[in-house]
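Trainee: If you're matching them up, the sequences are chains A and B in order.
Take the first sequence: its position 801, counting from 1, is numbered 801 in our numbering, and each next residue is one higher.
Take the second sequence: its position 42, counting from 1, is numbered 42 in our numbering, and each next residue is one higher.
Think of the hints as simulated: they come from the structure by calculation, not from any bench.
All C-beta atoms in this analysis are idealised placements derived from N, C-alpha and C, irrespective of residue type, glycine included.
A few of these clues could be false.
As the list claims (entries may be wrong) - Cross-link-like lysine to aspartate or glutamate pairs, in silico, EDC-like; alpha carbons within 16 Å at most:
no.: 1; chain 1: A; residue 1: Lys892; chain 2: B; residue 2: Glu70
no.: 2; chain 1: A; residue 1: Lys892; chain 2: B; residue 2: Asp18
no.: 3; chain 1: A; residue 1: Lys892; chain 2: B; residue 2: Asp32
no.: 4; chain 1: A; residue 1: Lys887; chain 2: B; residue 2: Asp36
no.: 5; chain 1: A; residue 1: Lys892; chain 2: B; residue 2: Asp36
no.: 6; chain 1: A; residue 1: Lys692; chain 2: B; residue 2: Asp35
no.: 7; chain 1: A; residue 1: Lys692; chain 2: A; residue 2: Glu681
no.: 8; chain 1: A; residue 1: Lys692; chain 2: A; residue 2: Asp888
no.: 9; chain 1: A; residue 1: Lys518; chain 2: A; residue 2: Glu681
What the hints assert, rightly or not - Covered stretches of chain A, as calculated for chain B (at least 3 residues, CB under 8 Å):
no.: 10; stretch: 457 to 465
no.: 11; stretch: 551 to 560
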Amino acid sequence: MSQPYRLPRGGRIDRGAPLQFTFDGRTIHGYQGDTLASALLANGAALIGRSFKYHRPRGIVAAGAEDPNAFVQLGRGARAAPNRLATVTPAAHGMQVRSVNAWPSLDYDVMSLLGLAAPFIPAGFYYKTLMWPRRLWPLYERVLRRAAGLGRAPSGPDPDRYDYVHARCDVLVVGAGPAGLAAARAAARRGARVILADEQPQPGGSLLASAERVDGVPGHAWAAAAAADLAASPRVTVLPDTTVFGLYQSNLALMVERRREQPGDAAGTERGARTWRVTPRRIVLASGAHERPLLCANNDLPGVMLASATAAYLHRYAAAPGSRAVFFTTNDTAYRAALDLAEAGVPVAAIADVRADPDGRLPAEARARGIQVLAAAAVRRVLGRRRVAAVELCSLDGSPRGVVECDLLGLAGGFAPALHLHAQAGGRTDWDPALAAFVPRRSNGVHPAGGAAGALGTAAALRQGAQAGASAAAAAGFTADAAPAPPGGGPELPSAQDAPDLGFQPYWVPPNALGRVKPQFVDLHEDVTLDDLRLTLREGFEAVEHVKRYTTLGMGPDQGKLANPLATGVLAELQGLHPAAVGAPRYRPAYTPVALGALAGRSVGALSDPLRATPMQAWHQAAGARFESVGQWRRPLAYPQRGETVHDAAARECLAVRRRVGLLDSSTLGKIEVNGPDAGEFLERVYVNTWKRLPPGRCRYGLMLGEDGMILDDGVTARLDERRYLTFTSTSGAAEVLAWLERWLQTEWPELRVYLTSVSEHWACLALAGPRSRETLAAAGTDIALDRQAFPHMTFRAGRVAGVRARVFRISFSGELSYEINVPADQALHVWETLLECGRPFGIAPYGTEAMHVLRAEKGYVIVGQETDGSVTPLDVGLRRMLSRRKDFLGKRSLSRPALLRADRKQLVGLRSDDPAQVVPEGAPLVDAPSRRRPLPMRGHVTSSYHSPALGRAIALALVSGGRASLGERLYAAAPDDRWIPVRSCLPIFYDPTGARLHV
Amino acid sequence: MLQIPCPWCGPREDAEFDFGGEADIQRPADPDALDDAAWADYLFMRVNRRGVQREQWVHTAGCRRWFVVERDTVTNEILQASTMGRRP
């Protein structure tokens, strides 16, 4: 198979398990253990994508999550996954991988002509150029979005399954490199419950990418054994393939565990992921460090790579990232990579070292090996079209040192701790001058260790990890003596090599002597150049957070992992400031892109919101009801019969109630039992009207206000007995009202002996309404005397209905003779069916919420939330007579505030349109006279509007400024299609104004 | 996320709670005795302290009890949680 850059031996790949996938249609060969990036490199594919803004050719820069270029698109159709990072995505047989940002193809990209226009696309381009003329913005946006595409969204709902795991532990260790493994061991040995999460499929971190030995065995073998020992302990959970992507206050860690391919999985099989929500007592942050790139012209060409990444591809994947290398370095670490590369047979043409006198052990070794080392030198410019062809070297004083042919340039700008999670959680940082980077300050929750703490080298990482693990365990309450049985063999501190002293010398902005060769990219993903930063500072955006927002530096899906640490130094040098004074832009979750499906978990489709059902739900369904959503309920809107529209059905149902009898499922009403010796006193305080003198067996309509005087809820309350009341609330207000009442009881009036119990679900409610409801109820069988004298309006009786224990309330929301029959929920369906059966001779019809709304509007009954919106008082809706003068109640004092007494407040009125057939749209604005003038002063708006079948005309309710004082006035309602509908205001009651039908 | 120590149920995630604003505001015993300005002050004006603040929370998805939390609004550190009724 053609893998020209695959080394003949070595690597953590399984050469016995070859695999193939396609990249832009081209077949790529690899092995189990490869990432997409390592397989592409082994196949010699340097060009992997086009850049975001200029569509410049881009290649693989890093060997981990910090890569700014290697975003690819996986799969097709509903399984399409944009924004996958090739450097951390394991290669699998049969995968379909596509590059992004390239059109029509990666090699010949039309948009790369934008590169020629680069001088015209400066920093802040979006803000400067495309804002005018404003009406063209939708066009700009469409073009920009296509040009700046970051892959394509899936074409359908995600077919994969995602789930959430909620877990607690004593110590969460982030990263299973040497520091993380040592920390997990130390913590587990002290008895702490440990979760060890690592984004890689195998433990080891940096050990996977080097030839180092730990405890006398190869580093990766030691790591695998250590992780296996840990996993065998019942106290430890080892999670490979798991990225901790967010860290929040109170140590909440969010992590996504990718589903590992299972034996027998077909290509394109279900993938999915688990999202872990963990709240550990302590966190050991062993997330490692990222190498910093260096600035030189064309530092974005494919073939320019982090020095550490060249070694990683070599050791871990046996993939040579090039065939002839040059290194550009600020410290000794690049020499290790150069020596390893040379050892593997990749010639190293030169090492340009910015230091005047690189004289450590490694530089000496490199010289001894015959590698040309140039001191006080830099790479001035990279040459090549679609990948590196040569580099132009010069001394720091500007004198040329020749052009060296190569196809690989390794950059070694020093290391910056990966403190993203620490920063997300609001952790503080300190400037470490030796590293020239921010290191996390240890805080209450987070114990940094290893590379994440600024320690370089395996020995230091192991040492710090063991310390951090012990201290985290101790802080969580676990000391050495507490746990005698240590999981994991071997000494607590394995032996390993110490890293050579870095000998780091900062190199941020290339000296002026090198000339201002362009372009030099600071942020490869967002195409932010050194010149962009200069311009941004000139334009006055100096604070690092301003620079970030103006240039979009660090705002790509890579979160500026490479760009931000570099930008801090660059901005400091350009402004003559100390880097600590510049700071770093705040990192935000997620550390790496997370699939939306993983965040949603199971909360999709039917599970996204619970559905509440009344005992009659299945009956409604079978009867062909059309439903409407009311909170989490689905209430029947109407029951259309063959050939009927919803509107027809509602009209028929209205007439059935007015002329005969109808049955409504109103089980969704909130029901609260107010119980206790002080129940009456409590109700007096929270309702505008009086309750203590209401005799048992009677009902009263009540109105509840907020302390600001605005209507909060309404409903009937019945006095069940001396110390027990039953309060009905609106369907949507049930939870809110209970919470409101509880709050006053608990916080303000704890002395009241009152208990509140929600019984909404226990009692189903069947509203039997219409002139023949009495006969229907009698036919269904009841021991309650139903005649007018024995059971008058606004009373309630307990008894049996259709053989079932029932509370029957003679209350009405339709204006007709009506019985609201409350029965235990589990027997409600029987009662419902019996009533319908027994009502058949009387012409009974089940009716839905649409008819209910029309019927109550004919009577002018308000619906809280429809006629009211939180700014409507009882005075506004004409309910002044309900307000008790003899007692205080919540909101009473507010009703005498001057603003609530103004004559021009919006008040409830009825509306009749001149044309009785013309139903005005709900929500329509009302004006005194039609006009083209804008803005046109509004008198009010329509709150409810229907065709009334009983009256044969359109009716509406409206809130109109000063409306009560000028009933009968002419107004115009605005219809959406620029029509004005003439209407006349009236008292908000259209049907049976004297209420005679209620008292039959 | 904030962990809130409910005095009845112990520490729980903030998603289980609802915030009730400034604590220790007492409803006037005789609202009619207050002029409009004093009533408006009771009704609308709330402190938003930088530092330790006493505030009401309710364990909505738990015991449904209201209680008082002392929280540092800068660091979000919760210094104390106590049942209702103990005024400072």
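Trainee: Hint compliance check: list the failing hint numbers for this structure, sorted ascending.
Mentor: Result: hints 1, 2, 4, 6, 9, 10, 11 break, sorted rising.
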